[in-house]
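K.L.:
Construct the entire structure; sequences and hints are all you get.
As you go down the protein sequences, you meet chains P and Z in turn. Numbering follows this note's numbering, in which position 68 of the first sequence is assigned residue number 68; successive positions increment by one, without gaps. Numbering follows this note's numbering, in which position 2 of the second sequence is assigned residue number 2; successive positions increment by one, without gaps.
Hints may be right or wrong, so weigh each one.
Given that identical chains are not distinguished, each listed pair holds provided it fits within a single copy or across any two copies.
[Said to hold, decoys possible] Calculated cross-link-like contacts (lysine to any residue; reagent style SDA-like; alpha-carbon spacing at most 20 Å):
1. 118 with 90
2. 118 with 36
3. 78 with 68
4. 155 with 166
5. 171 with 193
6. 118 with 46
7. 163 with 116
8. 118 with 47
9. 61 with 73
Just so you know, the hints here were simulated from the structure itself, not pulled from any lab data.
Chain by chain, the residues:
Number of protein chains: 2
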Amino acid sequence: MNYPNGKKKNMISKKSRLKPNHSFSNRGMSLEDDINVTNQYYLETNRAVIHKKPTPVQIVKVNYPNRSAAVITEAYFKQASTTDYNGLYRGKYVDFEAKETKNKTYFPLANIHDHQIKHMNSILNHGGICFTIIRFSTFDETYLLQGTKLLEYWKDKMNGGKKSIPYLHFKENAFEIPFKYQERVDYLAIIDQLYF
Amino acid sequence: MNYPNGKKKNMISKKSRLKPNHSFSNRGMSLEDDINVTNQYYLETNRAVIHKKPTPVQIVKVNYPNRSAAVITEAYFKQASTTDYNGLYRGKYVDFEAKETKNKTYFPLANIHDHQIKHMNSILNHGGICFTIIRFSTFDETYLLQGTKLLEYWKDKMNGGKKSIPYLHFKENAFEIPFKYQERVDYLAIIDQLYF
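P.N.:
So this is what it looks like as structure tokens:
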């Protein structure tokens, strides 16, 4: 995609891209939408190949009213057995889950399922990059929490500890993801610092 | 999972595992089923973390007859924008599509969509392992065709060449995937030889 001045869309100067611009407020857009926009931008600018997996659905009945279109008339939502997003960045396997909460004081660990924790554990054991993106929507703050950290909180919970991660812990143990116009949740900026 | 003799399930001697055993015939099982069984086995034996992505569905209407269950009453199949399978093996990102054909003389390239080709191209550019598993169901033969090879055939097609890959080409340019009892389509055996 070219602009009239002949510059490519992703040729915007680094300075202007890194400048926080609060006029593009994030409020109102869901975290999922923001991540989809970001991934699309990463894909178009050839930075990474990361996609959201389709919602898992158990299909029960399908009608074929004509040759061209099949209509699913009975189906149920299934619980995901893995995380929602995965892909490839700088030659590495990347895998993450995204959650938002309206809670102001903590992130409830019940938002992450057992089998997702198991999956994250496997990814880390096999050398993948694994993390969670968590948004406190009331504050419009989005954090990247590394998989290893999440697993520590989870282990603590299983041993009778807290069932949630206090908001204040995110300030210390997680990384706030910058908000940009194109890369609305520019998590790769954090990944670059943490893993490369 | 342990056997009565104390040996782990995946500790079967290499010799017996590599011996072809035609009593476990593949006929009747779909390629998708076989790959799912294989991926499950890889997961349970901690060899790799590779999953099939859910079928992409456009959900239009959802009914909530009671609090516990949501019923999808209108939905449509969407075309996949990526390949069907991806995951992590020996620290590398792995991505593939699987197709079977009843054709005895060639594999029609129309079975692979443009955007899947584009996706495979991106994966290769970003350093991922990318391939296609193609089964000629009449012969009960399953081949691994490397992404680079598939792209060559595709490019040739776009330049007015053949619209299919002749069966005989698979004998020369692809790798037959061994059939085993647990790893019904043991494609990682080929990946080990090609990429590590």
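K.L.:
Please write out, lowest number first, the hints stated earlier that are contradicted by the structure.
P.N.:
Hints that this structure does not satisfy do not exist here, as all of them hold.
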